[in-house]
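Undergrad: Below, each chain spelled out in residue letters.
There are 4 protein chains.
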Amino acid sequence: MGMIGGGTGSFIGDVHRKAASIDGMIELVCGAFSSNAEKSIASGKALYLPEDRCYGSFEEMILKEKELPEGVRMDFVSIVTPNYMHFPPAKMALEHGFHVVSDKPMTLTLDEAIALEQLVENSGKLFALTHNYTGHPLVKQARAMVAKGDLGNIRKIQVQYLQGWLSTAVEKTGQKQASWRVDPKRSGIGGALGDIGTHAENLVEYISGLKIKELAADLGVFGEGRTLDDDGNLLLRMENGAKGTMSFSQIALGEENDLAIRVYGDKGSLEWHQENPNQLITHWLDKPVKIFTPNGNDLYDEALSVSRIPAGHPEGYLEAFATIYKNFATHLMAVLNGETIAKPDYPTVKDGVRGMQFIYASVESDKNNAAWTKLN
Amino acid sequence: MGMIGGGTGSFIGDVHRKAASIDGMIELVCGAFSSNAEKSIASGKALYLPEDRCYGSFEEMILKEKELPEGVRMDFVSIVTPNYMHFPPAKMALEHGFHVVSDKPMTLTLDEAIALEQLVENSGKLFALTHNYTGHPLVKQARAMVAKGDLGNIRKIQVQYLQGWLSTAVEKTGQKQASWRVDPKRSGIGGALGDIGTHAENLVEYISGLKIKELAADLGVFGEGRTLDDDGNLLLRMENGAKGTMSFSQIALGEENDLAIRVYGDKGSLEWHQENPNQLITHWLDKPVKIFTPNGNDLYDEALSVSRIPAGHPEGYLEAFATIYKNFATHLMAVLNGETIAKPDYPTVKDGVRGMQFIYASVESDKNNAAWTKLN
Amino acid sequence: MGMIGGGTGSFIGDVHRKAASIDGMIELVCGAFSSNAEKSIASGKALYLPEDRCYGSFEEMILKEKELPEGVRMDFVSIVTPNYMHFPPAKMALEHGFHVVSDKPMTLTLDEAIALEQLVENSGKLFALTHNYTGHPLVKQARAMVAKGDLGNIRKIQVQYLQGWLSTAVEKTGQKQASWRVDPKRSGIGGALGDIGTHAENLVEYISGLKIKELAADLGVFGEGRTLDDDGNLLLRMENGAKGTMSFSQIALGEENDLAIRVYGDKGSLEWHQENPNQLITHWLDKPVKIFTPNGNDLYDEALSVSRIPAGHPEGYLEAFATIYKNFATHLMAVLNGETIAKPDYPTVKDGVRGMQFIYASVESDKNNAAWTKLN
Amino acid sequence: MGMIGGGTGSFIGDVHRKAASIDGMIELVCGAFSSNAEKSIASGKALYLPEDRCYGSFEEMILKEKELPEGVRMDFVSIVTPNYMHFPPAKMALEHGFHVVSDKPMTLTLDEAIALEQLVENSGKLFALTHNYTGHPLVKQARAMVAKGDLGNIRKIQVQYLQGWLSTAVEKTGQKQASWRVDPKRSGIGGALGDIGTHAENLVEYISGLKIKELAADLGVFGEGRTLDDDGNLLLRMENGAKGTMSFSQIALGEENDLAIRVYGDKGSLEWHQENPNQLITHWLDKPVKIFTPNGNDLYDEALSVSRIPAGHPEGYLEAFATIYKNFATHLMAVLNGETIAKPDYPTVKDGVRGMQFIYASVESDKNNAAWTKLN
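Protein chains in written order, with my numbering: chain W, 4 to 379; chain B, 4 to 379; chain P, 4 to 379; chain V, 4 to 379.
Pulled out of the complex, with its shape left as it was, chain W reads as follows (with noise of 0.2 Å):
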C-alpha cells in the first residue's frame, strides 16, 4: 500500500494505516504523505518507512512505484486527502495499473465521479471507497435480515448522523480538519452534506437494500460566515414506497458521533447505533425485543464472518474500517493469483457515483425550498 496524503497530525490518514494493518494483510510500503517533500519524508520516517519510499508528491510516487519490480512496488494506493484531491490521484493510479483505495465522497464533483466509475471500468482495476461503517459485523447482519425477507416489507426509515464539533467556528481557530470542511473548493458543494450525509446515505441503501427514489432537503448554514451547510433535514421517498426521514449535522451540539438508523417492517424491525455498535436491537410481532451482539447467538454468517473476538470483547471503529480493507485486500490477493471471488464485499465506485448524486439532489432541493428531487 502506498498512501496518498495522511501526513503527521492528519486524523483520518492514521485511521487508514491503523485499519489497514489489524489484519496482517497489507503492509504501509511508500507514501507521499504531503505535497512538501520534507514534510513527506518526516512523516514516513516516523512510520519507519525508508527516505526514498517518501515521495513529495502523488504524481512522482505512481510514476516512481511503477519502475520498481513486481512483489516490491505497491500494489494500490490509498487516498486519504481531503476531497478535492481524491479524483486527481484516483485517476492517475488507475491509468498507471495501479488499484485504488479512497476516503469517501468520492469525488469534488458529480461530474468526475461519473468519469472515475468509466475509469475504473476500463482500467480493470478494483476500487474501494471507505464507507467503513458498513464494516460493522452487526450491520452485516442487519442487511442480512432485510435481505432474507426477516422484517417482511420495509415501509419506514430513519437516519441521523449528528456531530457537534463544527458548534462554533472551530475554522477560524487553525483547525485543519475544520477548515478545508467548510470550504467549497476543497470541500465540493457538501459540507455536513458531503462529509457525513454520504454516510447515512450510504447505510441506508446498504442496510435496507433499497434506492432512495427522491428526497426533499432542509439545508441549514448555523455557523456564523460559513457559505456550507453544517447541517440538513431531510425527507426521503424509497423506490419500494418506504418513507423516511434523515437528519444529518455537525452542529448538534454536544453530540460526538452518532450515526444511527432504525429500519421499520411489516414484521420487523430493527435499530442499529455507531456509538454502540455492538448491539442490534430488533423488534418482533408478538415477540418480546431480541438484541443481538457480535459473534453472539443466531447471527447469519454475513455478520459471523467480520467478528473478529469471542461475544462481549467489543469491536469499534477501526475494526469495521479494517473489514473494508481486509476484504478489499482478499479480493486484491485472489485477482493477484488470478482467482474470482464470488461477492466482494466492500464499498466500490458505484457507491461513490450514488453519494455524488445524494449530495448533488439534496443541494438541489434545497435551491428550490426543499421540492421533492430525484435521486440520479
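Take these hints with a grain of salt, some might be off.
Said to hold, decoys possible - Subject to a maximum C-alpha distance of 30 Å in a straight line, what follows is the list of computed DSS-like cross-link-like pairs (lysine-lysine):
1. W:Lys370 / B:Lys270
2. P:Lys216 / V:Lys216
3. V:Lys216 / B:Lys270
4. W:Lys270 / P:Lys293
Don't read these hints as lab results, they were simulated from the structure.
Mind docking chains B, P and V on chain W? Use the hints.
TA: Chains B, P and V in isolation, oriented as in the chain W frame:
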C-alpha cells in the same frame, strides 16, 4: 369530577381516573360513562359510585348535576370520549357553568376548536387539555433550561413519536381503541397525526418555547384499507430560524410508545425519552454529559415542584398525567376560594387550538406533496 | 383505611396514601398522623379529613373507630411509623379486630416479629407488609419464569441495593428520615441492613423461590459517629446449593435507589433494575438476549394481571407500591364478602419474620468476622 | 516480536498479533506457534512469515534467533500459551537476553511467579503482562481520578467478571479453549479464578490504587465432573479500610464478558463496564451524573494520551490490548536507544506475582469455608 365516557374496558378513562386520584385532591362523584344508561350504571357501580350519579348521557349529567347543591355537585367534567365527542359536551358543560378537562386532540375540526376557545373565554371557566407528557418533572426541567437560556439559541430540534400497534389491521379484529382511530368520522382528518402527532407538536413547543412557523408533511397510509394516515414524516421550521424533523407512526412495528425529543442550542443541548422519563441527558461545550433525574441534584424549581418521591424512585406515565390534574385542581381550588394563582401550569384551550392548526397544516401540506405550509 | 404516622412532611406516609388511592379501591377515612393531637389534626385537614377522624394517638384511633358503625369505621390500619413503632399499633389493631398493613422491617426485634406472627394467626385478620418492589409487573414475571422452570436450576444470584444519601452526616442536619434510621432505639439492630437490606433479601427469595440457607456478612459503619451499619457485603448460600452475593449501602455516593438483581440458572438467566423497572433482561443458551416489558409480548399472566397501562407507558415506584395495596384490598373485600381467594399475592407476616431473621443472622455473622450463619 | 504459541485457530494468539500491529510499532518476525514443527510452519506461512523463522519449539526459536544479527533477530518474545507453558519460555527468553510479553495468569504456581520476578530483576530485561483491560482510556481516567483525590477516600468497591460460556460442559465437546482451562495440570489451582478473577483483582488494584488486604472466598464448581472452580464470590477488605465484593463466573449463563467495576469514595464515585467501555459514569455530591467518553471533554492526560480516535468513534477490546503493546514497545525502544522513560505504564512482573497471590489466597480461603485470608 364528573366523567364523560370511560366506561368499563376503556383505556384512557381508567388512566384519567387513576391520574386524578393519586394526589388526593379530586374525587370522582358522577359519570356518564356510556350513552347506554345500563352500561353507564354498571361502570359507575364498579367504581363505587351511587346509582343516581351514573347518567345515561352527558346532557342528563350536566342538567341534573346543575340542580344539586354546591359542594355536592361536580365541579368539573372530564371528557375522555373519542375525538368527535369532545366538543359537544365541552360546549354544554361550559355553558352550564362547569369547568372542563378534556382529552386531546381537542376537537374534531379546527372550526370547533376556534369556537371552543371563544366559549372558554366567554365563560370564564377553566379548561385543561391533557397533553400529559408535559407533566413529567424532567420535561419541566427541559423547558426551564431553554427558557433561562442555558442552551443558548435553539438551532435544531428532533422529535419522534413512534408506536407499532397499528402495524397490522387490528381495527378489523374488533379492537375498540383501533376502530375509532382509523375512522375519519370519529377521529377527524388526522389519524396518527391527531392521536400522537399532536403530542409531539405540543412537546416541541412546550420545551422549546418556540412556535412552529411552517412545516412540510409527508403522511403515509400503510395499513390496508385505511383512509387516515398511520405514519408521518415532517420538516419543521421554527419561528426563530431553528430547523427540525418530526416523525410519528403507529406502524413502526415493535415500538411501544417511543416519544422522544432532542433540542440543540449553541450553548448546550438536551435529550428526553418518554419510555425512560427519569433521565434528562444534556450536553455542553467543553463539559462532560450531565444527566438529570427527578428530585436529583441541580434541578430548577419547575422540576422539583412536581416530583413526588425521592430521586431513584421512578415516576411514570400516570404520575405525569396526574400532574396535569393536580395543577388544574390547584388552580380550580384557588378560583373556588376567590384567589388568584401566578402561572397556572397545564395545557389550555390555546394548546388545543394549536394542535388543531397543526393537524390542518399537516394535511394541507401533504395534499400539496409536502409543500411548506404555515401553521395558523 | 386509617393511617398511623405519616403526618405532613413524611415521605413514606405520602407514598402509602398515593399508592392506596391509585386504584380507587381504598379510601383514607381517619388517621393518627402524629402523637401530637394538634399536628395530627393539621395533617388530617390537609388531607381533607374531618377533624373528628384525626386522632392524637393510635390507641385513641383504634378505640374510637371500633365504636363507629360498620361501613363507617375504618377496615384496616396502615402503619407508616419508624420501626420501633410498628409492633405496638399492629398488636393493638389486631387485638381490636382490625386488619393491618405495615411498613417494613416488620418490628424492632425478632422476638416482636415472632409474637406478631402468632398474633396474626390467632386473630384471623389479614396482615400485609409493604415490600413494595415485589409489586412490579416484571418482578412477578421474573418470579413466574423461575417457578415454571424457564431458567432451569438456579446456580448464582447477585443482588444489590445501593443508595448514597447517608454519604455525609445528614442525620446531624436535622433531616428526619436520617435521624431515626441511625438510632438503634428507633431503628433496631440493623441500619441500612434493616432499611434496605431486608428489601434485597425479600426480593431474592421472592424471585428465586429459594430460601437463603446461610450467609456471611461484613457490615460497615462509615459515617462518623454512627453505631449502626450504613453498608454491608454478604456472601449467600441458598437452600438448593446456589451461591451469591448481596451488597447494600447508604454510603454508595451518588446512587439514588439502585436495587438490582441477577439470577442465573442452567437454562437461562434474568436481570432486573428497580431504577429502570420496565425492562426484564433475559439470556438464553443459543438465543439472543430477550427483553420483556410490562404489558408487552409473551408475558405470563402473573405479570399481565398487574400491569395497568399499555406497553411503553412506564409504570414506576408508586404503581408497584399500589399493587401491594390493591392485592391486599382485593383479598380484604373477598373476606368482608365472606368469599375466599385462591392465592393472595402480597407480602405477609411470614415475610416479616423472615426479614427479621435476616437482620439478626447478618448482625451475628458480622460480629463473628463474617462467619457463616444460618438464617433462622 | 517472536510469538510462542498462538497457532492457527488460537483465539488469544490472534488477539496478540492484531493488538501488536495496530500502532505500527511492532512487527512479527518469527514464531514457535506449535510444538509440532509442521503445524508451526503452516501457521507462520498463513501469517506471511518465511519458513526459516517458523520454529518447532520455543527452545529452538530462542537459540536460533539469538544467533541472528541485531536488527534482524526478534527483540522480544510474546508468550500466548496455556498457563503451564508461561514460565518455561519466559525463563529461557530472559536468560538468553530477550525481553518478554506474557499472557496472564503469569505462571502455573506462585513459586514460579516469585522465581520469575527474581529472574526479571536479575536480567534487567523488560517484562509485560497483558492485563489488557487496564489499557482502556477510561480505565486510565478512572485511575487518575482516584489518584488525584477526586473521589475522596475510597469506601466501597464492587467488581464482577461474569461469563457464561462454561455453563454447559463445552470442555467435553473438544472445544480447545475450554479443555485446558478446566484441567489443573495446564491451568493451575484456579479455574475461572485464574482465568478471569485475576483480571478483576488487577482492575480493582489498578483503578483504586489500593491493595486488597484480605479476602473471604466462596468458590463454586457447578459444571459436572469439574475439579476447578467455575464461579466465585468474594468479600474484600482493602488496605485503607474500604470494603467490597467480587464476583466472577464462567457459568453465569448468557453473560458474554461482563467485567464491571464500581468505586465509591466520600466525594464521588465511578462506574465502568467493559462491554460498553466508552463510558465512564461518575456521581458527585450535589452535582448531576457526569459521563466521560474517550477523547471527550474534561479528561486527564492519562486518558487522552491513549485515545486513538476522536470522541464518539468507539474503541474496543483490541485497542485496549494494543495499548499494553504500545506502551511496552515505547519503553523497549527507549531502552534500545539507551534512553530512560519516566513512568512506563503497563502491567509488569509485580502484577503477575500479585495475581498469583490472589489465586492462592482465594483457594486457601475457600478451603477454610471462606475464612478471611491475607493476600501475600
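Undergrad: Run every hint past the structure and note whether it holds.
TA: We went through each hint and held it up to the structure:
Restraint check for W:Lys370 and B:Lys270: satisfied, since their Cα atoms lie roughly 29 Å apart, inside the 30 Å limit. For the hint pairing P:Lys216 with V:Lys216, the CA-to-CA distance comes to about 28 Å; that is within 30 Å, so the pair holds. Among the hinted pairs, V:Lys216 with B:Lys270 is inconsistent with the structure: their alpha-carbon atoms are about 47 Å apart, more than 30 Å. Taking the CA atoms of W:Lys270 and P:Lys293, the gap is near 17 Å; set against the 30 Å cutoff, the hint holds.
The structure fails to meet hint 3 from the earlier list, while all remaining hints are met.
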